[in-house]
Every structure is written in C-alpha cells, then in structure tokens.
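As given, the protein sequences belong to chains X and L, one line each in that order. All residue numbers for the first sequence refer to this note's numbering, where the first residue is 1 and numbers rise by one. All residue numbers for the second sequence refer to this note's numbering, where the first residue is 1 and numbers rise by one.
Each hint should be verified, as a subset may be incorrect.
[Unchecked claim] The following label-pair restraints were derived from C-beta to C-beta distances: (1) ALA20(X) - ASP245(L): 17 to 25 angstroms; (2) GLY17(X) - ALA150(L): 58 to 66 angstroms; (3) TRP61(X) - GLN296(L): 31 to 39 angstroms; (4) PRO276(X) - ASP149(L): 28 to 36 angstroms; (5) GLN296(X) - GLY54(L): 46 to 54 angstroms; (6) ASP149(L) - GLY54(X): 35 to 43 angstroms; (7) SER262(X) - ARG58(L): 53 to 61 angstroms; (8) LEU194(X) - ARG58(L): 26 to 34 angstroms; (9) SER63(L) - ARG171(X): 36 to 44 angstroms; (10) SER37(L) - GLU201(X): 17 to 25 angstroms; (11) ASP294(X) - SER37(L): 24 to 32 angstroms; (12) GLY54(X) - ALA268(L): 51 to 59 angstroms; (13) TRP61(X) - ASP245(L): 44 to 52 angstroms.
[To be verified] Residues from chain L that keep clear of chain X, each with C-beta distances beyond 12 angstroms, as calculated: (14) ARG202; (15) GLY203; (16) ARG261.
[Said to hold, decoys possible] Reference listing, derived: stretches of chain L covered by chain X, where coverage requires no fewer than 3 residues with Cβ under 8 angstroms from a Cβ of chain X: (17) 42 to 48; (18) 103 to 115.
Hints listed in this document are in silico derivations from the structure and should not be mistaken for laboratory results. Cβ atoms here follow ideal geometry from the backbone N, Cα and C, with glycine treated the same way.
As a plain string of letters, each chain reads:
There are 2 protein chains.
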Amino acid sequence: VTHVALGSGEEFDFIRGLVARWGERARGIGDDAAILSLGRGDRLLASVDAAVEGTHFRADWMSPREIGYRAVAAALSDLAAMAARPAGVLIALGLPPAWRERMADLADGIADAVTAADTVVRGGNVSAASELSITTTVLGTAFSPLTRDAARAGDCVYVTGVLGAPGAALRRASLGEAMGEYRARFVHPVPRLLESRWLAERGAAAAIDVSDGLAADVGHLAAASGVAVAIERARIRCVPGVLADDALISGEEYELVVAARSPLDTDAFERRFELPLTQIGNVIDGPAGAVLIDGQRVANAGGHDHLSR
Amino acid sequence: VTHVALGSGEEFDFIRGLVARWGERARGIGDDAAILSLGRGDRLLASVDAAVEGTHFRADWMSPREIGYRAVAAALSDLAAMAARPAGVLIALGLPPAWRERMADLADGIADAVTAADTVVRGGNVSAASELSITTTVLGTAFSPLTRDAARAGDCVYVTGVLGAPGAALRRASLGEAMGEYRARFVHPVPRLLESRWLAERGAAAAIDVSDGLAADVGHLAAASGVAVAIERARIRCVPGVLADDALISGEEYELVVAARSPLDTDAFERRFELPLTQIGNVIDGPAGAVLIDGQRVANAGGHDHLSR
Chain X
1 VTHVALGSGE
11 EFDFIRGLVA
21 RWGERARGIG
31 DDAAILSLGR
41 GDRLLASVDA
51 AVEGTHFRAD
61 WMSPREIGYR
71 AVAAALSDLA
81 AMAARPAGVL
91 IALGLPPAWR
101 ERMADLADGI
111 ADAVTAADTV
121 VRGGNVSAAS
131 ELSITTTVLG
141 TAFSPLTRDA
151 ARAGDCVYVT
161 GVLGAPGAAL
171 RRASLGEAMG
181 EYRARFVHPV
191 PRLLESRWLA
201 ERGAAAAIDV
211 SDGLAADVGH
221 LAAASGVAVA
231 IERARIRCVP
241 GVLADDALIS
251 GEEYELVVAA
261 RSPLDTDAFE
271 RRFELPLTQI
281 GNVIDGPAGA
291 VLIDGQRVAN
301 AGGHDHLSR
Chain L
1 VTHVALGSGE
11 EFDFIRGLVA
21 RWGERARGIG
31 DDAAILSLGR
41 GDRLLASVDA
51 AVEGTHFRAD
61 WMSPREIGYR
71 AVAAALSDLA
81 AMAARPAGVL
91 IALGLPPAWR
101 ERMADLADGI
111 ADAVTAADTV
121 VRGGNVSAAS
131 ELSITTTVLG
141 TAFSPLTRDA
151 ARAGDCVYVT
161 GVLGAPGAAL
171 RRASLGEAMG
181 EYRARFVHPV
191 PRLLESRWLA
201 ERGAAAAIDV
211 SDGLAADVGH
221 LAAASGVAVA
231 IERARIRCVP
241 GVLADDALIS
251 GEEYELVVAA
261 RSPLDTDAFE
271 RRFELPLTQI
281 GNVIDGPAGA
291 VLIDGQRVAN
301 AGGHDHLSR
C-alpha cells in the first residue's frame, strides 16, 4: 500500500483523494521530493510537457478521462523518442473550480496512461487556476538514449504507424463536426515506448516523436543533426480518407521517426508490435534542417505552434 | 556554448531566445528530454512546484524578474528540504500574450535563482495560457536524503532564519499597502540548499521547508513521522514588528525545520551561514501530527491552501 502521510487542509485532502484513487500506481507521495534509485550506468532522462485547455484541447472534444490520458501519454512520448524506460511521472494540475468534481475521471485517465507505460506517479502539485492545465514531468532511464542529432547522410529514415488521423480529427472538430472514425487515434495516442527500445537495440541511431507533424519533426531531426532529409510522398502510410499532404502536417501523432545506418527489419517490427514500420526516405547531404518531399524543398514544414492561440 | 539546434516556427524562435538569454545557465536544450548522469550511489530527487498568477502571486506586487526568481527559488527549496544537491530544473511556462514582452526579465529572474543554486536549466515547455504560470521541476541528487518521516520522540527541533516577513508582506499587500521593510524577504526567498546539507551531515534526521507556515509544516513533519511536536512560542525568532502568532502562520518562508537526535551546534551554523539556527522545541510522544504551542494543541495549524482562490 502506498504510504501517504500528509498534513491537514483542503489541498492535502484533495491530494490524498487523488493518491487513494491511484492506489498502487502512486508511489512515495508525501515528501517534498520523490526519491528514485537508478541502475548503475543508467542515465536519467527528464522532460516536461503541458496540456492547457483552450490551447492544446477543448474540453467539449473529450471526456475528462480522455483528457487525463492524452496529456500524460503525450508527455511519455518524449521518453519514447529517446528510447528510455519510464521511471515515473510528476503531475502538476492547474485546476479551475468547475473541474474539481470531474477530478476522479481525470485521475483515472492519468492512471490509464501511467499503467499502459508500466510506470507510476511519483509526485505532483495542485493549484487553483482559471483554466485546466496538466503539466507532466516524465522521468526515465536509458543506457544509450537516442537523440535527434545523430542522423548522418545515407541513413534510412522510418516512421511507425499510419498517419493523418489526429490532423483529420482536429480539422473536423474545428469545423464543429464530429471526429468520427478519426476520433480514437486523436483521444488515445500511444507512446511508442517498447517500439523505440526495440528500434534502438537494432540499429536506430537518431529519433524524434511526431508531435508537430511529420514534415516539421523530420525537419527538427535534420536541423539537430546538421543534415537534410528526402522523403517520398507515396511511401507515407495514411489512414483512409487522408491525403499524404495532410498527413505530413498532422501533429500529435506520437509515432516515431528514426534514422538508421543500415536497413531495419520492418517485417520483424510489424510482427512484434502489429504496427507498420515504413521507410519513407533517406538522410542526404544538404542544408541543415532541409526537408525535401519528392525532391522539392518544403519552405516551412508547418505543424503545430502552441504559442498561437 | 550551449548547443541549440531547434526547428523552425514561432514557438522555437521564442525558446531559442530564452536559451540564448540564459547562455551557460541552460544546458542540453533541444532534445525531447534532458540527459543527466548521476554519481554512483546517488539517488535522484524530483519535485514539481507551480507559481500561478492570481493564486500564488499578483503581477502588481513584484517585477517580472522577481516573479521568475521567486517561482524557481520556491521550487528549489523542496530540494533543500531533503538535503539534495541541485542537478537541474525544467521550466514549463504558461504564457498570456501580454507577458511575451516581459519574457526577458522573467527569464533573467529564473536565471538568478538557477545561478544562486549553482545549477542549470535542462529543459522546458512554453504554452499559450490565459494567466502566467511557472511550473518548475527540480532535479537533485543525494546519497542520504532527509525525509519528513524520520523524526522521533526526544528529537530537538530547529528552524533556520527569522520568520514572519512574508506573511506580514502579504497582509499589507492584500490591504493595498506597500510591503515596506517586509518586501525583500517576500520577493527574494532563499532556498537553504547549503544549509540543509550542512545540517544533514551533522545529525539532522528529518526535515521540511516552511512553505505553508511554521505551525502547518511542523504538523506535516509530525504527521509523516507519526509523532507530536511541542514548540515554545518565545523561542521563535521573528522579524521586528511581527508577533510569534503571526510568524507561526507566515507561509512561503522557505526556511528549514529539522529534527535531530542530539543537539546541533547552532553557533557553528550561525558562523558558517550568517543565519540563525534556533531550537524551538522537541519531538514528543503524542497523536501523530499534533503540534503543541506552549503546551496547547493547535487545532488547525492553518497556513496556505493553494486550492482556495
């Protein structure tokens, strides 16, 4: 049983309620900071990601449980991008009064994401706020983390999964239409944690997750590595009804892009994970950060910009 | 020079500007997650703390630089409470449009706190939001972290510093008055990082920082340890013009409370840090979490509740 010994007061009662709901999926809550022991030789990976109502999601698009799941799954994807094993998350909630009564569902969604990633909540913070925000710090460990800056000319470039659904879902929602067949992928992204470790063990050298859109994130990888990347449009696997040009700018996919010196065994990957792994192009010599699609350079890869509102 | 190779887009330009301003005080920004190596045998300490405009501070009480400093200093105090050495911070900003032009000052304040703690910014996140929020994740290392749950009956209980100024400053500000001589301590709290490691090395067994108010935080320590604590009111060192009863509920002090089996050398502490270390009472057998002041049990220790608004 999780040890909880907090003091008195409304905030503590609230946190106690959360921790009780999380049960075994919360660990070591109650001190000023969480304490973690790392394996010898392991390095620590740490990242923070925020989901803010009105900026990253609208509350009428998703259930509270889906909102909680999606916020934490998106943050965990940053560990997947580096082939790290999750070691825990810290959850900072900005909570408007109207959200208090939906907290149990939000907490269940957070637990769904934590459980799916085989990790635990190690700590957090709750503050009153005028809009709901879930700021998730993810902690992970890796002996040899994948980074964005290790792609080299000649590498093969792969992407996991089938793209386009989140972008199509968002487009429909912003027009006031139902998300329909695209909804499931939008509300339930899956951080590719096991997939990335499999890929790292088999020769992937550099990786990034698709959060801003395939073209934009390939551009980030290329910029960090000081190389260019050439993609063939026809190779991009899209969900039915979505064109490759739209899939290229569909954000919040949380699929992985990896670059590998030698070809990867895509069949073995697909058998293991029941998920496509597709070579979409190659790393080439060229201006750092350039993305060429069918030989034509993309001026501005586009994708999401969370400062726009 | 810090390596920065981010992609294009407004958000990246903004982050690039921040990182450039931080210079050497930002490290390894640009990947999905920060990578840290820990010393052998060291454990990782991690905590998250939010400062939300309207809940934790009002923008007309402090300069942007003071707001940035104070948010990060408060978060670092959680590492001080556990006698950990800072290993880096992650900064998640919720940024209203009106705050963009004040970002340079806010960033300088964040840098002030990071520099004072001899640490670096390892990563972060920027999101549009309707109110300013600074959510700081602190990472630290410790071989033997201090915890709240290790106080035992018979321990001596100490507090660092002179209490009461933040509470007095807040009271004046909420009445629309100038904070006057109490302002400096309110806007510039000092996480007691070196002090806590000194205390841990010399026999402190349990610790907590004073964020909710001395009485409340002693109560949290007592609750976590399953003991009671008896305090003598006359022993509490207060800033001029503040009564002990007000100092007992003054929050956001970020001084340390420690419990030690044997008396600590308060003179040596004061010589080393030019800061008082005062025995205010003892741990006693009694109801878990009870705080007695001059023998009388405090019903509800009070202090801050960041869910009230």
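Checked hints:
1. ALA20(X) - ASP245(L): 17 to 25 angstroms: For ASP245(L) against ALA20(X), whose Cβ atoms are near 34 angstroms apart, the range 17 to 25 angstroms is violated.
2. GLY17(X) - ALA150(L): 58 to 66 angstroms: Given range 58 to 66 angstroms: violated, Cβ gap about 26 angstroms.
3. TRP61(X) - GLN296(L): 31 to 39 angstroms: 54 angstroms, violated
4. PRO276(X) - ASP149(L): 28 to 36 angstroms: Once the Cβ atoms are compared, 49 angstroms apart, the range 28 to 36 angstroms for ASP149(L) and PRO276(X) is violated.
5. GLN296(X) - GLY54(L): 46 to 54 angstroms: The hint (46 to 54 angstroms, Cβ to Cβ) holds, given that GLN296(X) and GLY54(L) are roughly 49 angstroms apart.
6. ASP149(L) - GLY54(X): 35 to 43 angstroms: Given range 35 to 43 angstroms: holds, Cβ gap about 40 angstroms.
7. SER262(X) - ARG58(L): 53 to 61 angstroms: With Cβ atoms ~59 angstroms apart, the hint holds.
8. LEU194(X) - ARG58(L): 26 to 34 angstroms: Since LEU194(X) and ARG58(L) have Cβ atoms about 47 angstroms apart, the given range 26 to 34 angstroms is violated.
9. SER63(L) - ARG171(X): 36 to 44 angstroms: Taking Cβ atoms as reference, SER63(L) and ARG171(X) lie about 43 angstroms apart, which means the hint holds.
10. SER37(L) - GLU201(X): 17 to 25 angstroms: 21 angstroms, holds
11. ASP294(X) - SER37(L): 24 to 32 angstroms: 42 angstroms, violated
12. GLY54(X) - ALA268(L): 51 to 59 angstroms: 54 angstroms, holds
13. TRP61(X) - ASP245(L): 44 to 52 angstroms: At roughly 50 angstroms between Cβ atoms, ASP245(L) and TRP61(X) fall inside 44 to 52 angstroms, so the hint holds.
14. ARG202: 20 angstroms, holds
15. GLY203: 19 angstroms, holds
16. ARG261: With a cut-off of 12 angstroms, ARG261(L) remains clear of chain X, as the shortest Cβ separation is near 20 angstroms.
17. 42 to 48: Three-residue rule met by the region 42 to 48 of chain L, so holds; n is 6.
18. 103 to 115: violated (count 0)
Violated hints, in rising order: 1, 2, 3, 4, 8, 11, 18; the structure is consistent with all others.
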